[in-house]
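Student: For the protein sequence lines, the chains are Z and X, in the order given. Start counting the first sequence at 1; every next residue gets the next number (this note's numbering). Start counting the second sequence at 305; every next residue gets the next number (this note's numbering).
If you are wondering where the hints come from, they were derived from the structure by calculation, not from laboratory data. Honestly, I wouldn't trust all of these hints.
[Unchecked claim] According to the in silico footprint, chain X covers these stretches of chain Z (three or more CB under 8 Å from chain X):
id : stretch
1  : 10-17
2  : 24-30
3  : 229-243
[To be verified] List of simulated lysine to aspartate or glutamate pairs, EDC-like, C-alpha gap at most 16 Å:
id : chain 1 : residue 1 : chain 2 : residue 2
4  : Z       : K253      : Z       : E235
5  : X       : K504      : X       : E493
6  : X       : K453      : X       : D310
7  : Z       : K30       : X       : E416
8  : Z       : K223      : Z       : E235
9  : X       : K421      : Z       : D170
10 : X       : K504      : Z       : E124
11 : Z       : K125      : X       : D498
12 : Z       : K125      : X       : E495
13 : X       : K468      : X       : D310
14 : Z       : K212      : Z       : D195
15 : Z       : K271      : Z       : D168
16 : X       : K425      : X       : D343
17 : X       : K504      : X       : E492
18 : Z       : K271      : Z       : D170
Quantities reported herein were computed from a predicted structural model and do not represent experimental measurements. No residue lacks a Cβ here, since even glycine has one placed at the ideal position from N, Cα and C.
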Amino acid sequence: MITWVNIGLSASVLFGMAIILTYILGWASKAFHVHVDPRQEEVLEALPGANCGGCGHAGCSSFAAAVVEGEAEVTGCTAGGEACAESLARIMGIEAQDSFPTRPIVHCGATFDNRLQRVEYFGEKRCAAANLVTGVQGCIYGCLGFGDCQNACEFDAIHVIDGLATVDYDKCIGCGACARVCPRNIITITSFVADRMLAVTCSNQDPGPDVKRVCNVGCLGCKSCQRASSLFKIENNLSTVNYDAYSIEELEKAVIASKRCARHRLAFVGKGDEVDIGNLPVEALTRAVTADFKTTVDDTEWRG
Amino acid sequence: MIYLLDLFLIALGAALINNFVFYYFVGICPFIGVSRHLDMAVGMGCAVTFVMVIAAFISWTITTFVLMPGAPVSAWVAGFFLAPETAATIDLSILCYIAYIFAISSSVQFVEMYVRKFFPKLYESFGVFLPLITTNCAILFACLTIMAKVTAADTPADAWGLDKALTLAFFGGLGFTIAIVIMAGIREELELADVPRPFKGAAITLIIAGILAMAFMGFTGVDAGLRNALAM
Chain Z
1 MITWVNIGLS ASVLFGMAII LTYILGWASK AFHVHVDPRQ EEVLEALPGA
51 NCGGCGHAGC SSFAAAVVEG EAEVTGCTAG GEACAESLAR IMGIEAQDSF
101 PTRPIVHCGA TFDNRLQRVE YFGEKRCAAA NLVTGVQGCI YGCLGFGDCQ
151 NACEFDAIHV IDGLATVDYD KCIGCGACAR VCPRNIITIT SFVADRMLAV
201 TCSNQDPGPD VKRVCNVGCL GCKSCQRASS LFKIENNLST VNYDAYSIEE
251 LEKAVIASKR CARHRLAFVG KGDEVDIGNL PVEALTRAVT ADFKTTVDDT
301 EWRG
Chain X
305 MIYLLDLFLI ALGAALINNF VFYYFVGICP FIGVSRHLDM AVGMGCAVTF
355 VMVIAAFISW TITTFVLMPG APVSAWVAGF FLAPETAATI DLSILCYIAY
405 IFAISSSVQF VEMYVRKFFP KLYESFGVFL PLITTNCAIL FACLTIMAKV
455 TAADTPADAW GLDKALTLAF FGGLGFTIAI VIMAGIREEL ELADVPRPFK
505 GAAITLIIAG ILAMAFMGFT GVDAGLRNAL AM
């Protein structure tokens, strides 16, 4: 008899608990109901799922949520490219607009030999740590060459060659990981309207004589490029490219300017070999470039 | 006065001296898994504390009234079928594990729904670790400690009341929060450190956890000393 009472009591205790807790949870699931758009799942499946963060969101799932909310463009996924943008647009039921890939530009062109006043550094071999110490090298703006960007890159697309971070544009997918880790913010993510883009490969904002003291190749702020083409503007003793005005007519003058640059700081960066810029279709160049990416740097630092 | 002292010593013991993570080595999974950032660690600590208090409340209630030998509700029900003296010995304490798991998983589910509704950012940062609180042994450990204190007491007067149970659960959760926050602070500093390659990742984390546990050994015996000093 006592066995049966024990069994019965055990069963009814668990059954009672089940009923009470189920009731509470059932009430809670109604009271705390969160509406999730079914499209969010579809968007998430269409994304590459690398969670690289190139879109500026925490991961693929938060980007998917932002797309469904309408806060992010369907073209926002840099890793997925056009095919991904098209499938997202189909899910969302909107037309995908043409988008240009974003790629990093390293705004420093000095290899080890060109950087002066470099002292032997015994600390941690990391840019983030070396940047905290003064006097590792003369130039306080340029590449440190310890390869934080190389370590951050998931796609083996940026390497330190001769002490200078160099992007392999054939492998790069433009996720922006390198730009986020660079403690000196010399890597900017720029919309590449052409395969090769003209860029200023220097970040030094000091006056010319000071630059000469610390670097063999740094921009002196001599304004010869600004005189040759309105594409360039000297700000804080440093030449910058106005990518909003990046057009075929301006580019011809800009090529002349790049030849005049005493320090050869105006260089074409990007995929492949030197292409004849004049042969590119005009519509490939006149598209406006919007600054929507680099959130870690304020607008004043943004040169893309 | 003795009552307050008891509560104080239970709180101190659960939070620092017999810290769940560093003394009993329970709850290591979220302790290692979610201690990468300080804000997430604080959130996780709060969630574990919250779940622990709810689970302790449910488990204390069930243990005292239903599961423990001669518990009032089960004895009353058994009284309909059995003689009064056999009914008083009815013992359902074999059910404690399944009942506690039941209570813990439901309260985790409840917390998950609540957090998702009212703190979506926190919900996102928890990710898989919120459901994993279900299998967090620290919470089951708190429930089992409470059960031991309720059922294994020499006299009924020594059995823990709800106040002591909730104190243990809350300060045990607080101790977990302290541990995970210390760990997260150290790991944030570690991001900058040049760790030798064989020790990278989980290895250095476990080494740090071990050193922290050794540091917490310094609290051993403080409760006995405090009791002697304060009971005077």
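Student: Would you list, in rising numerical order, the hints stated earlier that this structure does not obey?
Tutor: When the structure is compared with the hints, numbers 3, 4, 9, 14 turn out to be violated.
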